[in-house]
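Engineer: Residue numbers (the working numbering), protein chains in the order written: chain Z, 221 to 465; chain F, 745 to 1001.
Hints are computed from structural coordinates only; laboratory data are not their basis. From the three backbone atoms N, C-alpha and C, an ideal C-beta is built for every residue, glycine too. Keep in mind that a hint or two might mislead.
Short derived list, chain F residues pointing at chain Z, Cβ under 7 Å [stated by the list, open to error]:
| no. | residue |
| --- | --- |
| 1 | M875 |
| 2 | S895 |
| 3 | A902 |
| 4 | L903 |
| 5 | G904 |
| 6 | Q909 |
| 7 | P917 |
The lines below spell out each chain.
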Amino acid sequence: MLELRGVTKFYGEREVLGGIDLTVSEGEAVALIGASGSGKSTLLRCIDLLEEIDDGDIYLDGVAITEPGADPVPVRRRLGLVFQAYNLFPHRSVLENVVLGAIRAQRMARSDALTAGHALLQRFGLAGREHDYPDRLSGGQQQRVAIVRALMTKPRALLLDEVTSALDPELVGEVLGIIRELKGDGMTMLIATHEMGFAREVADEVCFLDAGRIVERGAPAQIFSQPENPSTRRFLTRLLAGARA
Amino acid sequence: MSATSTVVVIGGLVAALVLSPGWRTIRQTYLSWHYFRQILPSLPGAFWLDARIFLIVEAVVLALGLLIAVVRTVRAPVLFPVRLACAAFVDLMRGIPLLILLYVVGFGVPALGFSFLPTDEPVLAGAALAMCYSAYVSEVFRAGIVSIHPSQPAAALALGLTRPQALRHVVVPQAARRVVPPLLNDFIGLTKDVALVSVLGPQEIVRVAQISSDFSFNYTPYIAAAAIYLLLTLPLIRIVDRQQRRALRRQNAVVML
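My request is simple: use the sequences and hints to build the entire structure.
Structural biologist: Encoded structure:
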């Protein structure tokens, strides 16, 4: 459904993505792992057309979405992106955050959007918080609202950008629970994450990014147990040492 | 303690005024009860003209200021000439004295002789005020817009909103809330600068005071006009201060972002 061919991105002279090839099939979850600065976030932003790529092609449902001059708006309406820092709109209540895209971008009737918003918030344990402003919510609740906001527009695929990295450890579980549930529903997902245990459990494929290149990819069991690439091995060893400390 | 010191300071200032060598002249020319009573009935009516000019100009300034600010912050290449024109307008309006602008617009526009242009002095004066203040207010709005973190429009775009929609529903509402205190400050300035309209001749409060004192050689009417002004501006200033304190409290309440 989502296909990347030779995606390359420069910030000035610096190459941040060096020819990424990647395929995410319908209902599949692909985890992107790698150190901070390895290009995971940039890759997701490029797929959602928030950044322009300098070379390569991205296909959504077989159609190239990175043709120069093409309108990015319809593409973004078919993808959902959730940010590390939630990026909720602080001047709007939880419910208003959730329905904005449905009403303005999808042209859904306001009453329908409100009904759908209520139902989704309820499903993800946020009933009763509809009229609170984001700053009254915990980080975990805010991130759940952000996921609901992305789901409201019924995206073909969900792009998750380190959605638990800004959370206190005890709040990580409630957000991962939602993603697990979405995976069960058959949602197609591309997940940039530092949660290795979670990647191992949920992902169908794990890609290890190093300096803007996928240096190793495979089934989670293989990547985490017998990494072949020396930099993957180094990364995982460092991470495990950090977890123990 | 503070009450005592206040009495001492104010008493000292009053004493300095009353004991000054020129106190008799000052009292007669600036604080004459006779002239005060004579001019007072004609001032509220004259002030109503200032108030109307202020209210209309204020509405125009808010709309025009926001429009200029938005045009100057969007990056669409098509709008480059408009952006350039807006930047030039803002620089020019902030760079010349308001008094000169009033003369240029007030006497220059009617001199053009176009029948569709207004020749009414209050309208022309209001236009000059609106031009000047739109420039300042657009800078206030612009500061508010650029202070919104790029992650906010990014989140709006990711939802599938267009750039104008992201501006309209996400960026501008947050920016406007942030700049309320400085905006109110500019509006206190505007209430007082409306008095400059008098140079073009309309019978507003300063003009009425001036005509009276031109006949009597007594300046009490100006003091009376100032008193009327304070009735409007002092409450406004209190409101602004309260807004600013609230904004500060809100800012300090934000621990994490």
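Engineer: For every hint, state whether the structure bears it out.
Structural biologist: The hints, checked one at a time:
1. Because the beta carbon of M875 (chain F) sits about 31 Å from the nearest beta carbon in chain Z, more than 7 Å, this interface hint is broken.
2. The interface hint given for S895 (chain F) holds, since its Cβ lies 5 Å from the closest Cβ of chain Z, which is under the 7 Å cut-off.
3. With a least beta-carbon distance of about 4 Å to chain Z, the hint placing A902 (chain F) at the interface is held under the 7 Å criterion.
4. Hint status for L903 (chain F) relative to chain Z: holds, with the closest Cβ pair at about 3 Å, below 7 Å.
5. Interface hint at G904 (chain F): satisfied, since its Cβ lies 3 Å from the closest Cβ of chain Z, which is below the 7 Å cut-off.
6. A distance limit of 7 Å between C-beta atoms decides the matter here; for Q909 (chain F) the minimum to chain Z is near 5 Å, and the interface restraint holds.
7. The criterion of a C-beta within 7 Å of any C-beta in chain Z is met by P917 (chain F), whose closest approach is roughly 5 Å, and the hint holds.
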